[in-house]
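With chain X fixed as given, assemble chain Z onto it according to the hints.
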Amino acid sequence: MRKRGFLRFSSLLFFVTVGGACAAEVAPSYEEQIKPIFREHCLKCHGEDEQKADLNLSSFGSLSKGGSGGSAVTPGRASTSLLFKAITAEDDAERMPPRKAPIPAAQINLIKAWIEAGTPERTGGKSLVAARDTAFKPVVAQRSDGLGPIPEQWPLVAAPAVVNPQPVFALAASPTAPIYAVADLNAVRVHGFSGDQLLGVVPFPEGQPNVLRFSQDGSLLLVAGGQPVNYGVAVLVDVRSGKRMASVGDESDAVLAADLSPDQKLVALGGSGKTVKVFSTETGKLLFKLTKHTDWITAVAFSPDGKKLATADRAGGLHLWETGTGQILLTLAEHKGAIRALAWRGDGRLLASAGDDGLLIRWDAVDGWPVSNNGNAHQPKRPAGYYGKLPGGVLSLAFSQKGEMVSTGRDRLVKMWGAEGQEIRSRACEQLPLQCAFSPDGATFVVGDARGGVVVQKVSP
Amino acid sequence: MMFALLKKRFFPRLGLRVPRKVFAVWSMAFLSVFAEELFAAAIVTPPASGSQVKEARSFRRDVMPVFFRAGCNQGGCHGAARGKDGFMLSLFGYDAPGDYFRLTQEFVGRRINVAAPEQSLLLLKAIGGVPHTGGEVIAKDSPLYQTLLDWISAGAPDDPASVPEPVSIALVPDNMVFDTSRAPIPTKVIAKYTDGSSRDVTALALFSSNNPAAAKVDAGGVVTPSGRGDTSVFARFNRFTVGAEILVLPENKGFVWPNPVSKNAVDRAVYKRLEQLRILPSPLCDDATFVRRVFLDLSGSLPSRFESESFIDDPALDKRTKLIEHLLQSQGFIDMWTNLWAEWVRVKGGGYAPAATDVKAADAYYEWIREQIALNRPWDEFVADQITASGSNLTDGPANLFTMLVHDVKVTPKSLASDFSQLFTGVRIQCAECHNHPFDRWTMNDYYGWVSFFTGIRRKQGVEPREFYVFNDVSAAPAKHLIDERPMPARVLGGESAVPVGEDPRKALAAWLTAKDNPLFARNFANRFWAQLMGRGVVEPVDDLRVSNPPTNGPLLDALAQTFVDSGFNLRAFLKVILESNTYQASAASNPTNVDDTRQFSRASLRRMRAEVLLDSLVKATDGERGFSYFPKGTSAVQQYPRSPGDTTRLTAGDSFLETFGRSARQSVCACDTKTESTLSQTLHLVAGDTVLNQIRAGKVAERLLAKKAGPEEVIGDLFLRALSRRPTPSELSKLGALVAESQGSPVVVYQDIFWSVLNSSEFLFNH
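Quick note, the sequences are listed as chains X and Z, same order. To convert, note that position 230 of the first sequence is 230 in this note's numbering; the numbers rise steadily by one, no gaps. To convert, note that position 721 of the second sequence is 721 in this note's numbering; the numbers rise steadily by one, no gaps.
Same shape as in the complex, but just chain X (with noise of 0.2 Å):
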């Protein structure tokens, strides 16, 4: 299965960037196409003769040698891989060849297409990409009959007037329940998926809900925001009786990223502080602080096990944890903007991550391989005339418990995404869509925009 999406990528992008339509399906080899651009490019100092950087490119045995930097190229990852850095880099002091005009992008996307497809050594021959399996393991949700906690007499309270809607900045569906929670101005209320019945509202005082989380079992609901630049916190409220019952965290700015843990005993935020904090909800004590993001915190999410913490931030930066110790397991480096969105497969292996940057990957949570990886997948289409990339990128993202997902972006579309990360329809919204969620039978889910609407939709067309 991993290979059968590896070759359907690879072949895409040979296709698009060689324009080599009769070429399209087969991948570039070292022996075919690669070694001649080598040759014409690197062999004088990477090559039988001399080796610079103890490199030699000259044969397929020694390029998978590498040189005094570490492995050339990692096969599967242009993007990692250390030659195809040298030869794309942007500052001329760095870029290989050195003084030299670079090397014509129609060879650089060979090479590319060449590493994506695991770096063949001759036509047909056989990918260095591990085979891996991560398709969807069902697990068992604690409840899986949709019975699972709503809110039943939540004291009424009053709602602050409000000049415009407020835009839908976290919204949030129970696991357990058909019911989900929407921000509003200083309040989180909670609907009905069916009918959209107002069930509660809850206050929040402390300033804006920037997140809303369920707990596992959906017995808890996570409030955290605040005021920007002026006071941060995170509250558990009781989804049964909507009484608080911990708050934690005192921050100098509104938290921006929280989540709770499936134990319920963590509580990890983050926000402008690049510093990722992770509380104990029964003594609302700090147990440890996650300080290797140099951006803010954009987005937190614990796996469904407990075990993992995954941390996203605006610079791009992804790190995985290990929760019980707070040490790091895996950076997984690929986006190249702000992450916007962080979503758990429920059986754990897959975390997908999703941003400004356009890019929707789908990691590997065992070795931190992107299994996935959908470029531009909220790119908005240029009007005729229209010069310059138009702002784009992936508001929101959502796991359905069946392992498909649905994602929202600046394109002002509603796409979903089938199990093995294909895009399978997109929908078109008349706001900015910002938030969505899937109901706990998979079935529909909700987005809410820009101008405060929340639509309830059907997965099936």
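Simulated from the structure, these hints should not be mistaken for lab results. Each residue gets a CB set at the ideal place from its N, CA and C atoms; glycine is no exception. Everything hinted at is true.
Anything over 12 Å on all C-beta distances counts as not near chain X; from chain Z, calculated:
#1 Ala183
#2 Gln329
#3 Pro465
#4 Arg650
Simulated crosslink set (PhoX-like; lysine-lysine; CA at most 25 Å straight-line):
#5 Z:Lys414 with X:Lys389
#6 X:Lys100 with Z:Lys410
#7 Z:Lys410 with X:Lys44
#8 Z:Lys480 with X:Lys389
#9 Z:Lys414 with X:Lys100
#10 X:Lys44 with Z:Lys460
#11 X:Lys292 with X:Lys85
#12 Z:Lys480 with X:Lys100
#13 X:Lys100 with Z:Lys360
#14 Z:Lys84 with X:Lys274
#15 X:Lys52 with Z:Lys410
#16 X:Lys336 with Z:Lys84
Per label pair, the in silico range of CB-to-CB distance:
#17 Z:Glu433 with X:Lys336: 15 to 25 Å
#18 Z:Ser390 with X:Ile424: 55 to 65 Å
#19 X:Gly375 with Z:Asp484: 16 to 26 Å
Using the frame of chain X, we list chain Z on its own:
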């Protein structure tokens, strides 16, 4: 039933209009009473969008000017290339769609809060309501705040496709003279828009004064005089800068203008200004000063003793004009002006073949320049030949404009573009690469259209490693606009439309540049030549002509440019007009009215000699000898250019003396690369270094005179004439003669000491 009623209440747009606050209370009241029904009802759609805002605010027309006025989008704050503290605005608002996106959508909900507008981070930051690095920049009760609040309250809408844009702004009044009354004068800024409307934007403009010592301007545009002098006050709004000239006259009531004779248009323009400012010009300098000055300026070296004496003693009335004419035709003039141009276009020769700047290429260029100066080629043709040159760097001299401005293996269209504009028009267009020029009229459109003249410049390897063929690939793609990657076909600065495609665009460039009616060209070179002779440009620095750096005497620069045009761009004829003027020939001595004047040319300015002129003068005065690496014996400093056996990219002046005294390292086309400021190392070099003493010892001037049995009076007189082009005063003679008389043994050492002292005097080091 109940649901239907509620729905009517909840959806005012369906019929019933309910004030929002009332609606909220209402809805909650209903909630409490009819909670059960509510749970069954589908209430998802929010209230209707804001339709009760008092006045529609446009993002471009109203909101962006607030960021400009409050300083939000200036370079030190959010206008920085990467923004500030995570939030970026385009510098002075060159990118409206980008700013709108960053404010409203980059981080939805972070900066703008349409539901509770006063809680918007944008507003809280601006009024200092939350910690803000920039502090409080807008008062909460100000119209600026209200504009932002109104816009957010309306839902922070983007503008419709076409919004009237400003096409010009005017500062009223544009001329202010403070004489007896020192009462502040308020000004107004009026912007005109594409739809023909006008608007008073005084409250949204930014004001500044070039010379606060003369007049200040406050944030409201009120001009207050502070002391005598002249200045310009500027107002900036949108992408426009306009200036108003301010004169603050001195209060000397007894001032009588003596009506000095004007020799030509230069004097008329200078004197008119001086009369207005109540400044008396200094009288003409004496002959000794004149002969020295004109020799240094035109031929780059001192007059010989013979040349000085014969001029001083010449009784002819027109001797100054004759001397000017003589020097304009001299070899020294050719050397000096070839040297100047070679410096401006960065001629350096090396031995690193791939850079295409081999010594042989540099020589080819240098000789070509020399030939043109010798022939007195009209300046427009001289420049056009270089701009449009193609061919081998080794044999086609002028083609080296495209190797010497580069000094690298790669030709970068953008750097050629900025060099061309700085060198040939005096405009620093490179500011407009990343944003509209903040203090001039140039936009990013101007910049990228200009760059497209150079995107086709190629250098192809010739038959030998050192040789490269320069040519322009007319099929090259034009430059792309930074913001939206739109292709920008070649277009001259300020031009309405692109130049025709298909032929070498450099031809159109040269034709536009050197046209008689292109003020950029004539003003640029008239100002540069004036600065060479007067020590200061009418616009200073000479390569930064912009609206906000106006000439100190506008009519003077106009007159100079017109003179240059009228002469048919004849270099020598143009220089002659300046040289013959009383302004050029004025003494450096000051009078009480012009002692503070450094800008209006009421007296000669004291200038330290340029490095190469100083070295040649030292050698000439001492009859000494000074060689240069990689040049044949007998080459003077003015005749040589930096050479190196290696790469020219990092090559500087190429000689330690020249480097110490600030000869241009030719690392850029900036006029500032040539330095005439004094430094400690210069003083130490003259006092304790080997140059002065070695030249004195090598030249043996005193020895030879003593061998001819010359007395102290003759020897000292000779030393003075050599170094200072004048005879010693009786007092100098008697004091120095006494030193000789007191000496024991050979007087050679004393004469050497005297010579050393004279050569170390400011009078020697300066052109005065």
